[in-house]
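A.B. asks: In the order they appear, the protein sequences are chains A and B. Each residue of the first sequence is one higher than the last, beginning at 1 in the numbering used here. Each residue of the second sequence is one higher than the last, beginning at 115 in the numbering used here.
Rather than coming from a laboratory, the hints here were simulated on the basis of the structure. Among the clues, some could well be false.
To be verified - In silico lysine-lysine, BS3-like type, Cα no more than 30 Å apart, as pairs:
#1 B:Lys170 / B:Lys117
#2 B:Lys155 / B:Lys170
#3 B:Lys131 / A:Lys15
#4 B:Lys117 / A:Lys78
#5 B:Lys155 / B:Lys131
#6 A:Lys11 / B:Lys214
#7 A:Lys17 / B:Lys155
#8 B:Lys182 / B:Lys155
#9 A:Lys78 / B:Lys170
#10 B:Lys131 / B:Lys214
#11 A:Lys11 / B:Lys182
#12 B:Lys214 / A:Lys17
#13 B:Lys182 / A:Lys78
#14 B:Lys170 / B:Lys182
Stated by the list, open to error - These stretches of chain A come out as covered by chain B in the derived footprint (C-beta under 8 Å, 3 or more residues):
#15 27-33
#16 45-52
On a predicted model such as this, the values are computed, not experimentally measured, just so you know. Ideal Cβ placement from N, Cα and C applies to all residues, glycine included.
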Amino acid sequence: GAGVSQTPSNKVTEKGKYVELRCDPISGHTALYWYRQSLGQGPEFLIYFQGTGAADDSGLPNDRFFAVRPEGSVSTLKIQRTERGDSAVYLCASSSQGVSTEAFFGQGTRLTVV
Amino acid sequence: ELKVEQNPLFLSMQEGKNYTIYCNYSTTSDRLYWYRQDPGKSLESLFVLLSNGAVKQEGRLMASLDTKARLSTLHITAAVHDLSATYFCAVDLGAGNNRKLIWGLGTSLAVNP
């Protein structure tokens, strides 16, 4: 498809487990973002990739969260030792070059930590 | 700390009526976005406002930006049921290509027959 694709759409995991969330951006988009959205809230910025490098990871809440984008396309958000407070919808977005471009969002992965 | 405040947070209106949603923010930025989110769905880009005085219209929706007042408005004209959704404004704090968006809480709009 032409849009941002995220897998899985839903993930239930036990507290303390490790999870990986995948994002496939729009083809040709060099910028990729991870946000998370808790119920009743607006999204919260986590990290921004320009190409393969994490250009801004200021939103990652702690060192349990890590993201990679090794070939400048698909990205994986990794969460270690999950906690119940990590439960949220994790949104991926991508955008093309240019200061006037908007970010296009995927459908999100709903993560539930039990 | 940047704050982005939307009001109202909940809005119930009748079809055919007009209304305005307000988005105030607390720091300097000249880039602001409006998104729509339907229940259980992702975020759909509505408007990109890039300069002071920018005004954009699409169908029954019109958005404007006043960077001096740090205020954006989303005006709804002659509302129809299909506009029922949550509307978010987001202020761009990123530099260059970084779309580091700080979001309001959203305005949940219900348009009733």
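A.B. asks: Hint by hint, note whether the structure agrees.
C.D. replies: Quick rundown of the hints versus the structure:
Restraint check for Lys170 of chain B and Lys117 of chain B: the C-alpha separation of about 24 Å stays at or below 30 Å, so the hint holds. Of the pairs offered as hints, the one joining Lys155 of chain B and Lys170 of chain B holds, with about 24 Å between alpha carbons and a cut-off of 30 Å not exceeded. A C-alpha spacing of about 48 Å is found between Lys131 of chain B and Lys15 of chain A, which places the hinted pair above 30 Å, so the restraint is violated. With a CA separation close to 28 Å, the supplied pair Lys117 of chain B and Lys78 of chain A stays within the 30 Å bound.
Distance check on the hinted pair: Lys155 of chain B and Lys131 of chain B sit about 26 Å apart at the alpha-carbon level, within 30 Å; holds. At most 30 Å may separate the alpha-carbon atoms for a hinted pair to count; Lys11 of chain A and Lys214 of chain B meet this at roughly 26 Å. Restraint check for Lys17 of chain A and Lys155 of chain B: the C-alpha separation of about 27 Å stays at or below 30 Å, so the hint holds. The suggested pairing of Lys182 of chain B with Lys155 of chain B is violated, with an alpha-carbon distance near 33 Å, which exceeds 30 Å.
With a C-alpha separation of about 38 Å, the suggested pairing of Lys78 of chain A with Lys170 of chain B is violated against the 30 Å cut-off. Annotation: proposed proximity of Lys131 of chain B to Lys214 of chain B is violated, straight-line Cα distance about 34 Å (limit 30 Å). Restraint check for Lys11 of chain A and Lys182 of chain B: not satisfied, since their Cα atoms lie roughly 44 Å apart, outside the 30 Å limit. As the CA atoms of Lys214 of chain B and Lys17 of chain A are separated by approximately 29 Å, the hinted pair is consistent with the 30 Å bound.
Restraint check for Lys182 of chain B and Lys78 of chain A: the C-alpha separation of about 40 Å exceeds 30 Å, so the hint is violated. Restraint check for Lys170 of chain B and Lys182 of chain B: the C-alpha separation of about 18 Å stays at or below 30 Å, so the hint holds. Coverage of the region 27-33 of chain A by chain B holds [criterion: at least 3 residues with CB-CB distance below 8 Å; count 3]. For the region 45-52 of chain A, the proposed coverage by chain B is satisfied: 3 residues have a C-beta within less than 8 Å of a C-beta in that chain, meeting the threshold of three.
This entry does not satisfy hints 3, 8, 9, 10, 11 and 13, going by the numbered hints stated previously.
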